[in-house]
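Novice: Taken in sequence, the protein lines are chains A and B.
Residue numbers for the first sequence follow this note's numbering, so the first one is 137 and each next one is one higher.
Residue numbers for the second sequence follow this note's numbering, so the first one is 137 and each next one is one higher.
It is worth saying that the hints were derived from the structure and are not from the lab.
Treat the hints loosely; a few may be bogus.
The list cannot tell twin chains apart, which means a pair is met if one copy fits it or any two copies do.
The list that follows gives simulated cross-link-like pairs (lysine-lysine, DSSO-like), each with its CA atoms no further than 27 angstroms apart [to be verified]: (1) K175 <-> K333; (2) K156 <-> K175; (3) K156 <-> K176; (4) K156 <-> K174; (5) K174 <-> K333.
Each chain, written out:
There are 2 protein chains.
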Amino acid sequence: MAQKTVAGPEIERLIQLLAKLPGLGPRSARRAALHLIKKKEQLLVPLADAMGVAVNEIGVCSICGTVDTSDPCTICSDPRREQDVLVVVEDVADLWALERAGAVNARYHVLGGTLSPLDGIGPDDLNLTSLVDRCAAEGFSEIILAISATVEGQTTAHYIMDQLSHLDVQVTRLAHGVPVGGELDYLDEGTLAQALKARTRFD
Amino acid sequence: MAQKTVAGPEIERLIQLLAKLPGLGPRSARRAALHLIKKKEQLLVPLADAMGVAVNEIGVCSICGTVDTSDPCTICSDPRREQDVLVVVEDVADLWALERAGAVNARYHVLGGTLSPLDGIGPDDLNLTSLVDRCAAEGFSEIILAISATVEGQTTAHYIMDQLSHLDVQVTRLAHGVPVGGELDYLDEGTLAQALKARTRFD
Numbered sequence: 137m138a139q140k141t142v143a144g145p146e147i148e149r150l151i152q153l154l155a156k157l158p159g160l161g162p163r164s165a166r167r168a169a170l171h172l173i174k175k176k177e178q179l180l181v182p183l184a185d186a187m188g189v190a191v192n193e194i195g196v197c198s199i200c201g202t203v204d205t206s207d208p209c210t211i212c213s214d215p216r217r218e219q220d221v222l223v224v225v226e227d228v229a230d231l232w233a234l235e236r237a238g239a240v241n242a243r244y245h246v247l248g249g250t251l252s253p254l255d256g257i258g259p260d261d262l263n264l265t266s267l268v269d270r271c272a273a274e275g276f277s278e279i280i281l282a283i284s285a286t287v288e289g290q291t292t293a294h295y296i297m298d299q300l301s302h303l304d305v306q307v308t309r310l311a312h313g314v315p316v317g318g319e320l321d322y323l324d325e326g327t328l329a330q331a332l333k334a335r336t337r338f339d
Numbered sequence: 137m138a139q140k141t142v143a144g145p146e147i148e149r150l151i152q153l154l155a156k157l158p159g160l161g162p163r164s165a166r167r168a169a170l171h172l173i174k175k176k177e178q179l180l181v182p183l184a185d186a187m188g189v190a191v192n193e194i195g196v197c198s199i200c201g202t203v204d205t206s207d208p209c210t211i212c213s214d215p216r217r218e219q220d221v222l223v224v225v226e227d228v229a230d231l232w233a234l235e236r237a238g239a240v241n242a243r244y245h246v247l248g249g250t251l252s253p254l255d256g257i258g259p260d261d262l263n264l265t266s267l268v269d270r271c272a273a274e275g276f277s278e279i280i281l282a283i284s285a286t287v288e289g290q291t292t293a294h295y296i297m298d299q300l301s302h303l304d305v306q307v308t309r310l311a312h313g314v315p316v317g318g319e320l321d322y323l324d325e326g327t328l329a330q331a332l333k334a335r336t337r338f339d
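The following block holds chain A by itself, in its conformation from the complex (with noise of 0.2 angstroms):
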């Protein structure tokens, strides 16, 4: 970083950890620590609190896998939600984009990750016992795999199916298809095959 000291090393300290944020790199970790610094009461304290109590107080919810401060979730301990639906997927941040949707009120398992032999995530990496484990206790009517379209995830969907066949549930997954606002041109062919296949009557 910086030749020469040009301020004490708590400032580096901050500016270092800062890079390791997703979306921030060295030079805007540095103007990110400065704007910190100089909005010390409208930004740094209340950003330094708010780091503290989800230090203390976010946990992962022992029956979905998602975080939250209470456990279980707030959407494990939701009733309003339909209670024999259980949406799967792979990361919290998959639960957090289908609620910001809005499409679906029912509730979850975060599995953590999709199966990837090559880098070395094998089924006990993920949160797939716990998974057949609630199938099996809860007698959900539907399970959704809300999972990737990607080799891994379709890998871990076929996983997972083969692990409730001996459980009289039913098991679907996401359509494919044209995205919403997406324009045909720049599709790949898989996506434009899918959609042609599953074409619906234009009424």
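Since the structure of chain A is already known, use the hints to place chain B on it.
Specialist: Okay, now just chain B, sitting in the frame of chain A:
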């Protein structure tokens, strides 16, 4: 943000505060918050600590206006720096940039911005009085105006020249020219004209 409550308000607050950092938007702030929560011990705890230290220990140097944990700052209290050269910069970020370049070993004065009548920023909003007082008291031999080559920057430079005209001190400014590594094709006419005018003998 979220249409339904997906997690405690503590997480939402953390996301909203992170979104105020330069370089992070609402979407990347959410990703950063999740990253922090997942890497609790490696990142969230140290960053919360570093921010707490910053809140308590970092302040503004009463001499030059930079931010540091000590007052006078590390630079102002460094006897190995040239004591009779003063570099005037707009912002702490510019001071850091000059220090990284390592091209000058002098002392600094941070203005805190540039004159901008349209934005309502006049001489009293900048550290200009303290600059004039400092120049009168310390008897520098050279004042280097390392200020942006923008309209506001040049207005500010001229204002400073004017304020220091009664003192027997040499005022200089940074050279204009082709940035190192820059292609002529992409440079504006003003820079090219200045670079031609200030051309030097090629030895």
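Novice: Next step is simple, just say for each hint if it's right about the structure.
Specialist: Verification of the hints:
no. : hint          : result
1   : K175 <-> K333 : neither (55 angstroms within a copy, 42 angstroms between copies)
2   : K156 <-> K175 : both (21 angstroms within a copy, 11 angstroms between copies)
3   : K156 <-> K176 : both (21 angstroms within a copy, 13 angstroms between copies)
4   : K156 <-> K174 : both (21 angstroms within a copy, 13 angstroms between copies)
5   : K174 <-> K333 : neither (57 angstroms within a copy, 39 angstroms between copies)
Consistency with the previously given hints fails for numbers 1 and 5, ordered from lowest to highest.
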